[in-house]
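Chain order of the listed sequences is A and B.
Per numbering that gives the first Met the number 0, the very first residue in the first sequence carries number 0; after that it's consecutive.
Per numbering that gives the first Met the number 0, the very first residue in the second sequence carries number 0; after that it's consecutive.
Just so you know, the hints here were simulated from the structure itself, not pulled from any lab data.
Just to be clear, a hint being listed does not mean it is correct.
[To be verified] Here are the computed lysine-lysine pairs in the BS3-like style, where the Cα-Cα straight-line distance is at most 30 angstroms:
no., chain 1, residue 1, chain 2, residue 2
1, B, K607, B, K283
2, A, K47, B, K534
3, B, K541, A, K151
4, B, K412, B, K232
5, B, K541, B, K530
6, A, K129, B, K187
7, A, K47, B, K530
8, A, K47, B, K191
9, A, K47, B, K536
10, B, K453, A, K47
11, B, K530, A, K129
12, A, K129, B, K334
13, B, K283, B, K355
14, A, K26, B, K618
15, B, K158, B, K91
16, A, K94, A, K153
17, B, K618, B, K232
18, B, K618, B, K655
19, B, K91, B, K453
20, A, K153, B, K158
21, B, K91, A, K26
22, B, K2, A, K47
23, B, K453, B, K334
24, B, K158, B, K541
25, B, K654, A, K87
26, A, K26, B, K191
27, B, K453, B, K355
28, A, K151, B, K618
None of these values were measured; they are calculated from a predicted model.
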Amino acid sequence: MSKYYLLHDNSQCIECHACEVQCKVNKSLPVGPKPCQVFTIGPQLEEKLPRATYVFVSCYHCKKPLCAFACPMGAIQIRPDGIVFINKADCAGCKACIEACPWGAIQWDPEADQAVKCDYCMDRIDQDLKPACVNICATQCLDFTAPDQVPKIKRYVRVGGELKIK
Amino acid sequence: MSKDIYSLCFMCSVRCPIKVSIKDGRAVLIEGNSHVAGMDTSLCPKGAAGIALLNDSQRVQYPQIREGKRGEGKWRRVSWDEALDYTAAKIKAITDQYGPESLVLGERFNLGTHVSKTFMNALGSPNYFSHNALCKGSSNTAFRSLFGCTDDQMGADMKGAKHIVLYGRNFLEAIEVRPVKTLMNAIKNGTKLTYIDPRITVTATKAHRYWMIRPGTDLALNYALMHVLLREKLYDAEFVERWVLGLSELEAFVEPYTPQWAEKETGIPAAEIVELARESAALKPTLFFHGYRAAHHTNEIYFRRSMLMLNVLMGNIEGPGGYYFVKGPGDVGGKTPRYLTNQKFPEKSTPVRFDKVGTPDSPLPDPNHGEPQILPQAILNADPYPIKAFIANRFDVIGSIPDSNQTKRALDKLDLIVVIDINYSNTAWYADVILPESIYLERTDCIMPVNGLKPQIFLRKQAVPPRYDTREAGMIFKGLADRLGIGHYFPYQNMEDLVSWQLEGTGFSPADFAAKGFVEYVKDQISWDRKDGLKIKTPSGKIEFTSSLLENAGIPSFPAYESMPSPPEGRFRLLTGRLALHTHVSTQNNLYLNELFPENVLWIHTQKAEALGIKDGEKVRVSSSFGSGEINAFVTDLIHPESVFMVHGFGQKNKKAARAFGKGLSDAELQENISDRVGGSPAYHHTFVTVEK
C-alpha cells in the first residue's frame, strides 16, 4: 500500500469531471482510457430531498498488486513509496494486468497499444506538486494525503470541522 | 525548458484566470491562476480541455472561400490576402449599393468587442449585436428598470449569505469556477440552499430545500413570497423607506397573490411558500440570486425584477450576502483604460437598428447588445430595410437562435456570409468565407477590466504561437478595415501594440501583468454607505419598483400575472440547459469533452414515457411546429411531467466537426423564435413539443 491516500469528499463533489479530463491531458491519452473516473449513484430521494453519491475511482496502489504479479514482463513496478506504476518501455501490451486487477484500475491505451494506469502523477509529486486530478478539482473535493490522516479528516467532517490537513 | 504564462481561459464566456505550463515550446497543462483570490489551481473540465482544443486538427486551420453551392461543404484554401481582399471587396460592393446598414455583425461578447464595434461604427452601420440578449437581456433591462444600471454593474456576494435561493439556475453544472467554489464553501460553512427547478440537477442534490415547480411559474411564487413578506411586515422597513419608490403600489399589486393562489399555479404547497418567506426574514441575509440565462419566457423581465425586488425588500443591497454596486477605477481615483470605441466616428447611415431596439417597437432592450434573435425576421421581411451581408464572429446563429429552419431560410437570402471562428460551426457550414481565429492560448487579447468591490485589470497573454494559419480577430478586423479605407481607426500593428495603447494613462504597463496575470487599483474592497451613500442612477435616485424606464415607454411596472399554460394532452414544454462539460454550441467537438458527453438525451417523466410506450434509451422523434428530430430518451422521475429537457448545443450539422456531427438533437431546431420584447431575451422555454417512438 502506498504511503499516500487520494481522498474524495462526496459532499463537495459536483460531478464536473475536471479530474478525468486533466488526468488525460497530463498523460496525453487518446479517447478510451480513464485512469480516474467519477461515477454517479442516484439521485434518489432521501427524506424528501434529492441526493446523489458521486464516487471517485482510480487505483488503490495495493500492497500486493495483482497486476504487477500478473505482468510477465515485469513492467509493473512498485516504488519505495508504494506507488504502483507501469514502465512503458517494458509493457508488451499483453493485457494480463487488466485481467488480474479486481478493481478495473488498469486501462487500455489503444494508440500506444499498451496498458495505462494511475501513478498518482509521480513525476509531479516528485516535484512537490499534487496529482493533476487533485490540482484541478473545481471544488477541492479531492485531497492528496496520507492514509493515517484520513480518519482524522473524517472525524473533523463529522463534527462540522474543516477538511484540511496540517 | 519550462515556463508558466498567466492568461485568461476562453472555453466559455466566463474567462477564468489561468496558468498555462509550457514545456519545450508546447502548452502541456492548464490550471487555475492561484494568485487570484478564490481561484486556487481549480478549473472546470472545459478549462482543462483547452489543451485538446489547441492540438485539435478538426478546428479551422486556414482561410477558405466557398467553391460549391452554399451549404454543400466545398471550400478552397486561400491566403489571408486573398480572403481579406475578397471579403472587403464584397462588403464594399454591398454597402455601396444598399448602404452601411445592410451589413450586420454579430458576435459572442468578448474582449475585442470594442474592435468589432469600431469596425461597424467606422463603416457607419448601426448593426452590431452581441449574444448577450440570448443569455440575459431581460436581466439587463430588469436591473436598469430598478437600479438605473445594467446587470454587469452589480454583483452578488454569495460568501456572506446565510441562505441562497436559486430559481432554475443550475449553478453547479452551468459552472463558473470561482462562484461555484464560493457556493460550495458557503454550504460547507452552514449556508442553506433553496433550489427551485422543474428538473433535479446536480445543484438539487446539494440543496437543503428543493421544489419541483411547475415549469414557468416562478414569477407566481415570487409574487406570493412578496405578499407574505409585506403582509407579515417581515421586510426591512428602514431600508425600503429610504431607498424604494413604489412600495405601496407593490403592496396593492401583490395583495391578491396569496400563497394559496400560488399553490394552484406552481404546485408548491402554500404552507411551504409561507415558510420560505419567513425563513428568508429569519436567516438574514437571504440572497435571491438572479444568475445568467434570463431567457425562458415572454414575461421574463417581470420574473427577473421580482427576484431583485425580493432582495431590495429584505434590504439586501450593498452589504454582506447581498447585491452590491460594482466599483470601477473612477470610484477609487484611478484612470480607466482606453477603447477604440472612444474615437469620433462618422454619422450612422440610419439610427434604426435591424432589430429596432431603441424604437417604439422595442424601446427598452440594451442597444449596446441588441436582440440577435430578431435577425432572421429582419432579413426575411427586409424590415426595417434590406440586409445583405452578415459577419458572424464566434457566434453560431443557427445553433443559438431559436428556430434554426427560419434562420437558415434567412441566411439563404444574404449576398455574403462571413464567419470568423475557431470551430467548424453550424453557421460556418453556410459561410461564403471562413476566417479562422487563433484560439485563446495562441493570442494576446484586449485587456479585461474587472470592476467589483476591488477594480482590477486582467490580460489574456499569448502562451504559444498559432499552430495553424490563423489570426487574432483584432487583426482580422484591422485587415478588413485597411482594405475598406477605415484603417486609421485601428492605430496598432499587432495585439501587443493595442494593449499598450489601451493601458496608456492607467499607470500600468503590459509588463506589470507578467508576475500574476493581473493588476489591481487598490488593495482593499470598497463599499458605499447603505444609509445615504448609494449612488442609484434612476431618475428618482431611488430603487424604482414603479419604474420610470418602463412607464415612460408605456409599459406597466406591475402587469397582472397571466397563468403559465400547461401543455395540452400529448404535448410537453421543452426545457433546455447546460452541464459542466460543454459551453453553448462550441465545445461539443472537443476530443475529451466529446468523449465524456458525446450526445444529448431527452429527459421525459417515467409515467408519460410509459403512456407513450417509450423505454429508456430508445430513439424517439421530438417535433414542434418549427422542426423535428431524433434523440434517445432518458426516462426518469427527475423531471416535472409537464416538461421534457435536453442539453443545449447538440445536433451539429457541420461535417468537418466530425466527432460531434449528427450527434443528438439541437433545441434550436424545435424552438419558436418568440421573445420578451420588453426585456429583450428570447423565450427559450416557450415551445411545446410532441414525443413519439
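Hints and how they fare:
no. : hint              : result
1   : K607(B) / K283(B) : 41 angstroms, violated
2   : K47(A) / K534(B)  : 44 angstroms, violated
3   : K541(B) / K151(A) : 53 angstroms, violated
4   : K412(B) / K232(B) : 59 angstroms, violated
5   : K541(B) / K530(B) : 12 angstroms, holds
6   : K129(A) / K187(B) : 23 angstroms, holds
7   : K47(A) / K530(B)  : 42 angstroms, violated
8   : K47(A) / K191(B)  : 16 angstroms, holds
9   : K47(A) / K536(B)  : 45 angstroms, violated
10  : K453(B) / K47(A)  : 42 angstroms, violated
11  : K530(B) / K129(A) : 48 angstroms, violated
12  : K129(A) / K334(B) : 40 angstroms, violated
13  : K283(B) / K355(B) : 43 angstroms, violated
14  : K26(A) / K618(B)  : 36 angstroms, violated
15  : K158(B) / K91(B)  : 53 angstroms, violated
16  : K94(A) / K153(A)  : 37 angstroms, violated
17  : K618(B) / K232(B) : 53 angstroms, violated
18  : K618(B) / K655(B) : 25 angstroms, holds
19  : K91(B) / K453(B)  : 45 angstroms, violated
20  : K153(A) / K158(B) : 24 angstroms, holds
21  : K91(B) / K26(A)   : 50 angstroms, violated
22  : K2(B) / K47(A)    : 51 angstroms, violated
23  : K453(B) / K334(B) : 14 angstroms, holds
24  : K158(B) / K541(B) : 26 angstroms, holds
25  : K654(B) / K87(A)  : 36 angstroms, violated
26  : K26(A) / K191(B)  : 39 angstroms, violated
27  : K453(B) / K355(B) : 37 angstroms, violated
28  : K151(A) / K618(B) : 49 angstroms, violated
Violated hints, listed in ascending order, are 1, 2, 3, 4, 7, 9, 10, 11, 12, 13, 14, 15, 16, 17, 19, 21, 22, 25, 26, 27 and 28; each of the other numbered hints is respected by the structure.
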